[in-house]
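S.K.: Listed below, chain by chain, are the residues.
Protein chains: 2
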Amino acid sequence: MSLLVVGSVALDTVTTPFGEARETLGGSACYFSTAASFFSDVQLVAVIGEDFPPEYVSFLQERKIDLSGLQTSAGQTFRWTGRYNYNLNEAQTLDTQLNVFETFKPQLSERHRQAQYVFLANIDPELQLEVLQQVEKPLLVACDTMNFWIESKRDALIKTLGHVDILIINEAEVRQLADEPNLVKAAHIVRGFGPQTLVVKRGEYGVLMFSPHAIFAAPAYPLEAVFDPTGAGDTFAGGFFGYLAATRNLDEACLRRATVFGSVMASFTVEKFSLDRLRGLEMSEIQDRYHHLLAMTEFSMPD
Amino acid sequence: MSLLVVGSVALDTVTTPFGEARETLGGSACYFSTAASFFSDVQLVAVIGEDFPPEYVSFLQERKIDLSGLQTSAGQTFRWTGRYNYNLNEAQTLDTQLNVFETFKPQLSERHRQAQYVFLANIDPELQLEVLQQVEKPLLVACDTMNFWIESKRDALIKTLGHVDILIINEAEVRQLADEPNLVKAAHIVRGFGPQTLVVKRGEYGVLMFSPHAIFAAPAYPLEAVFDPTGAGDTFAGGFFGYLAATRNLDEACLRRATVFGSVMASFTVEKFSLDRLRGLEMSEIQDRYHHLLAMTEFSMPD
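Taken in order, these protein sequences are the chains called Z and Y. If you read the first sequence in our numbering, its first letter stands for residue 547, the second for the next number, and so on. If you read the second sequence in our numbering, its first letter stands for residue 547, the second for the next number, and so on.
Among the hints, a few may not be true.
Since the list gives no way to pick out one identical chain from another, each pair is judged satisfied if it fits inside one copy or across any two copies.
Unchecked claim - Under the rule of at most 20 angstroms between Cα atoms (straight-line distance), these lysine to any residue pairs were calculated in the SDA-like manner:
id: 1; residue 1: 731; residue 2: 757
id: 2; residue 1: 818; residue 2: 797
id: 3; residue 1: 705; residue 2: 739
id: 4; residue 1: 731; residue 2: 563
id: 5; residue 1: 818; residue 2: 635
id: 6; residue 1: 818; residue 2: 563
id: 7; residue 1: 731; residue 2: 562
id: 8; residue 1: 731; residue 2: 773
id: 9; residue 1: 731; residue 2: 564
id: 10; residue 1: 731; residue 2: 633
id: 11; residue 1: 731; residue 2: 817
id: 12; residue 1: 651; residue 2: 761
By construction, these hints were calculated from the structure, which means they are not laboratory data. Quick caveat: nothing in here was measured; it's all calculated off a predicted structure.
Please model the complete structure; the sequences and the hints are all you need to start from.
M.R.: Written as structure tokens, this is what we have:
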């Protein structure tokens, strides 16, 4: 089943303690669609400028991502420049240039309006809703957001959430959105805004999923070398939602497996700059880490 | 099998956003031994002053803890005063009065020297080793420590760790002790100091256990109301080590169950001030939360 994602395609310049990458492929929709493409067909809706390197288009094409919704506008591609310090916990944004992204108003094609699985990556919540309203009969809608929108467009965001089934956001953002420091209470409040399922990303601590009937805790895959955390959250979302679209099943067991596949995909992304680690990644490597996470979490009842 | 613990007994004054408790029962050895007493016989080795309230002695007696090693010295009991802000993440120490603890030099009784399970709670690493060397044939030795000793008595601490099987400490302390920000690498370095098994406490994110052959991740029990985090780590250690002493088994499955029991015990402690929540706690409540953690972490291989 095809999965439509709308979000950003960017040229990222990232500095970590281990090196620097200049104008590499980035953006929420790129990380998402690349990760999702390991599980499902993907339709990418985004905008690039005339300066966008053709080799990056080729990379997305090789992943068999439908790029008919990737429009090229006059001007420069969206650019983000960031830096991580030694503990790699939080990106410091040094520069953001919206460029062609500033006037991005996607019009879905007739085919894209038929999408059943829709992921609204981290963009203006008004734009998220505009895109969603063009989809005729979405079967499952998920979205991401960030502190910037929670602060500046809270009402629009809450309106969008009323149309969303699954919200995938960071722990600090759940607390901020709910205005509640206790995560369990905050999750309850945020689910009251609309999303039946809330997937809380906790970085190196893994993921907590609050579904209608349960809480599921998945650890992050333990890595000896985290190289560049950029895109980990979007990659998680891509693995998670890509798996759901592929299985066409939304029961608790399936949501849990999707969460673990999301964690696995994110664990690869952070091992190299940009999407470099996903290039040439084999399904057997994905399965190995899935097995490892299963072994890492198993315990039994006492005798 | 009896379990011997040496550590502090304190009178704690704690302020949280939800209230204040003055001169309540606290100290690493109290939290540890009370939690362990749900699983195993416990011998407590510690010191109190002449001002120690008799009702606190009665509480420990009701838990059937062997208090023959609890010496009363001339002077005041160890006191700690701390405060938590709204996010409850980290205690701010406002005052520490060592009092009788300053000259504490425990001499184990003939019976206590026969202990097979020994827990060295968070005290001066030189004192930890002095106590351990009085035990004739310890079967299993675990210890805790803190940033203060890592900074001020690093060499003594590393010497003590050479005699320890299981180290139970906080995440930040593992990184500090190893001088390595990556937790997986840091765990490897710290296990090189002696402890075959390293149990890393991550507060609301749960526990990572690095045993000789595997990594085990256990989530924290999700609570809607954390009231006072004081003693959570010592309670974890008590549940963990108490279960190990009770089962006399050290295989991976048993270490994992011990980790989960530790998490469960800690989840109760933080629901009230001091040890109030453990007073009257029923084994059925412990088992319920164990079941819940099992249900929270289960997932399966994809079809």
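S.K.: For every hint, state whether the structure bears it out.
M.R.: Going through the hints against the structure:
1. 731 x 757: The answer is within: 14 angstroms in one copy meets 20 angstroms, while 34 angstroms across copies does not.
2. 818 x 797: neither (34 angstroms within a copy, 36 angstroms between copies)
3. 705 x 739: Only inside one copy: residue 705 and residue 739 sit 8 angstroms apart there, 55 angstroms across copies, limit 20 angstroms.
4. 731 x 563: between (37 angstroms within a copy, 16 angstroms between copies)
5. 818 x 635: This pair counts as within: shortest intra-copy Cα distance 16 angstroms, inter-copy 32 angstroms.
6. 818 x 563: Within one copy, since 13 angstroms is at most 20 angstroms while 43 angstroms is not.
7. 731 x 562: Between copies, since 18 angstroms is at most 20 angstroms while 35 angstroms is not.
8. 731 x 773: So residue 731 and residue 773 pass the 20 angstroms test across copies only (14 angstroms; inside, 34 angstroms).
9. 731 x 564: Classified as between: cross-chain Cα gap 16 angstroms, same-chain 39 angstroms, threshold 20 angstroms.
10. 731 x 633: Result: close only across copies, 13 angstroms inter versus 29 angstroms intra.
11. 731 x 817: Close across copies (15 angstroms), not inside one copy (34 angstroms); limit 20 angstroms.
12. 651 x 761: neither (37 angstroms within a copy, 47 angstroms between copies)
Violated hints, in rising order: 2 and 12; the structure is consistent with all others.
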